[in-house]
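Undergrad: Sequence:
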Amino acid sequence: MLTLNWKKLGIVTGLSLSLFAAGCSQNDTEDTTSGSDSGSSDGEAAETTNVGEAVDYAITGIEPGAGITEKTDLALEEYENLSGWEQETSSTAAMLTALGDAIENEEPIVVTGWSPHFMFAQYDLKYLEDPKGVYGETEYIGTIARQGLEEDMPEAYTILDNFHWEPADMEKVMLDAQESDLETAAQDWVDNNGDVVSEWTDGVDSVDGESIELVLTPWDTERASANVAKVVLEQQGYDVTLTPVDPSVMFEAIATGDGDASLAPWLPVTHSSFYEKYEGQFVDLGENLSGAKIGLVVPTYMDIDSIEDLEAAE
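Going letter by letter, the sequence shown gives residues 1 to 314 in this note's numbering.
These are computed hints drawn from the structure, not numbers from a lab. Possibly wrong hints are sitting among the right ones.
Keeping only pairs whose Cα atoms sit at most 30 angstroms apart, straight-line, the calculated DSSO-like set for lysine-lysine is [claimed, not checked]:
1) K293 x K126
2) K293 x K277
3) K277 x K132
4) K293 x K132
Take these sequences, add in the hints, and give me the full structure.
TA: This is the structure in structure tokens:
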């Protein structure tokens, strides 16, 4: 529907190549024994393992434009015990590869994580406590629309306003997509959840090929919700375009009317700076999923529970 330059910029910015920096500071294999490994008779050595040293004082992050990336940079400033640490950014795919490799070898790793996400269904993980509240409390994912969408496309506006699902629903779509693709997983979820979908479309008339563009960030959570919404809107007769971009570009696109709506904002913390920058220039339709969370994540076999358990680099 649109051929503006922000889309090209956003796609380049948001969709970092997953082949970059997949190996994330797992070089010292001699000292990567988990602190909670009960299989070793040398309990004292396990208890005194310096996690920071074992992971080269690096947090394995995702794309530079992500909200959680900004919050992690802030955490590095706020926590004195993270002095000398750095965040290694590349892509979500690279982070997941590093996490999977570490878990396969039961090695320590600290990653930037968020839920809902299929990695929590796939692996035994835990969030590190965040005493300073850098990552905020439980979040929600919201829906925003360009001004005038309700008047221009009242049927689509109603569906987007009604769109709400549970974290387990989103994780189901993401997990199923690992065996197929998000488009197929989204279609399957819609087919199997007609009662929920009917609540979104209750009283909504069909249209004849009207075009609508949903702007999203390029991570599996937002891609899951966007693809489910796409299926539902297409069943009502809309021609739907999904455009993945960097979060800052996403908010700008909706605020300027270059995109129609987005189901991707994480609030009130993760995307707060973008929300505040463009507040009043878009319509806030409220949450579409509650119970979201971001923070630093480690495998449960690691014997640490808080960010403050990490030691500063010497």
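Undergrad: Which numbered hints does this structure break?
TA: none
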